[in-house]
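**Student:** Spelled out, the chains give:
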Amino acid sequence: MNQNPKPLWRPHAAGLLLGLGLLLTFLLTGHGLGGSGFTTALAAKGAQVIAPAATQSNAYLGPMVEGGNNPLDSWITWQVLGVAIGALIGALSARRFKWTVDGPTRLPNAGRLILALLGGMVAGLGARISLGCTSGLGLSGAATLATAGFLFLGGFFAAGALFGLLTKRLWT
Amino acid sequence: MIFPMDLSIIVTGLLCGLIFGFALERAGFASACKLTAQLRFKDWAVFNVMFTAIVVCAIGLYLFKLLGLLSMDDVYVPTAYLWATLLGGVGVGAGMSIGGYCPGTSVVGFMSGKIDGFVFFLGIIAGTWVFAGAYDWLEPMLQALPGPDAQTLPQLMGVPEWVVIVGLTAVAAIGGWLTTKPQKQH
Chain A
888 MNQNPKPLWR PHAAGLLLGL GLLLTFLLTG HGLGGSGFTT ALAAKGAQVI
938 APAATQSNAY LGPMVEGGNN PLDSWITWQV LGVAIGALIG ALSARRFKWT
988 VDGPTRLPNA GRLILALLGG MVAGLGARIS LGCTSGLGLS GAATLATAGF
1038 LFLGGFFAAG ALFGLLTKRL WT
Chain B
18 MIFPMDLSII VTGLLCGLIF GFALERAGFA SACKLTAQLR FKDWAVFNVM
68 FTAIVVCAIG LYLFKLLGLL SMDDVYVPTA YLWATLLGGV GVGAGMSIGG
118 YCPGTSVVGF MSGKIDGFVF FLGIIAGTWV FAGAYDWLEP MLQALPGPDA
168 QTLPQLMGVP EWVVIVGLTA VAAIGGWLTT KPQKQH
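Chains as they are written, first to last, in the numbering used here: chain A, 888 to 1059; chain B, 18 to 203.
There may be inaccurate statements among the hints.
What the hints assert, rightly or not - Pairs of lysine-lysine residues, derived as BS3-like cross-links and limited to a Cα-Cα distance of at most 25 Å, are as follows: (1) Lys59/B <-> Lys985/A; (2) Lys893/A <-> Lys59/B; (3) Lys59/B <-> Lys1055/A; (4) Lys893/A <-> Lys985/A.
What the hints assert, rightly or not - To give an idea of the interface, some chain A residues facing chain B are shown, with a C-beta separation under 7 Å as derived from the structure: (5) Gly902; (6) Leu914; (7) Leu915; (8) Ala971; (9) Gly1006; (10) Ala1029; (11) Thr1031; (12) Ala1048.
If you're looking for bench data, these hints aren't it; they were derived computationally from the structure. All residues carry an ideal CB built from backbone N, CA and C; glycine is no exception.
Turn these sequences into a full structure, and let the hints guide you.
**Tutor:** Listed below in structure tokens is the structure:
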């Protein structure tokens, strides 16, 4: 029996499914798909557990936990749970699931993980500044033809390409 | 109007998320290598997948509206804030080049076994705390130079919606034609 991973879909096939799924989301709910809405809710909840007083007095996180409100009690939590299940089904059914550390091929694992943490922090900070990430603004926003979606994508690809150039030597 | 249905309930969250996660996995976006290869211009899958999805969804929304089935007034359209939207995009783009993922794809990566996807996810939480800590200082910039509420490209450019959709379709088609080569496995 063949144990190799199944090939990826062609980009246009995956994009077609993604576009139809996004269209379905708009028709059912009136809004698109997201990612950083969930990490923000989780950050607010986590901060509340670790430092309740500081969280309540924080100008940004305070209103999210005000009056005993649970920021995780939200549609986006279920949607991200769905993303995780869908991705797991995808990885397992294609025999692609494998515990590994991806990332710059010329770096040892520790270096890759440090960069992943650093990159995550930069992306997390960025997604709060713009009130959305690649999913919420870049994909969902642009699909409604919102100026904001294309402005975000312009910044995303320009900075991505610049830092891609700077980190090029870390990859073979 | 039948749509949108205002069904922001558990089952639609799980269903829509499941399609999203599965499509991203099949696109190869569980891999930091594949995602960042776009930003080094070695692999055009990110561009092609995203632009195909944007065009497919935009055409779908346009057709549903044309048929009188969809009220676009009830569809969420984000508002642009010149500095915040642009700088946020810069942060997310730089973050992907440095760390390999974006918020959504870090979940997809972890679900296919990528430890660095999980660490990136933890980094996002930490970055959100940094933002919260600096909120008072950042706030004036966040609201600076707002565009009109929920403005779209057709409104910005003063052209009919179909012109923009045709333009985007052309960009997607030409981009796809120039960049689709035999696929390499990452």
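**Student:** When the hints from earlier in the document are held up against this structure, which numbers fail?
**Tutor:** Structure breaks no hint.
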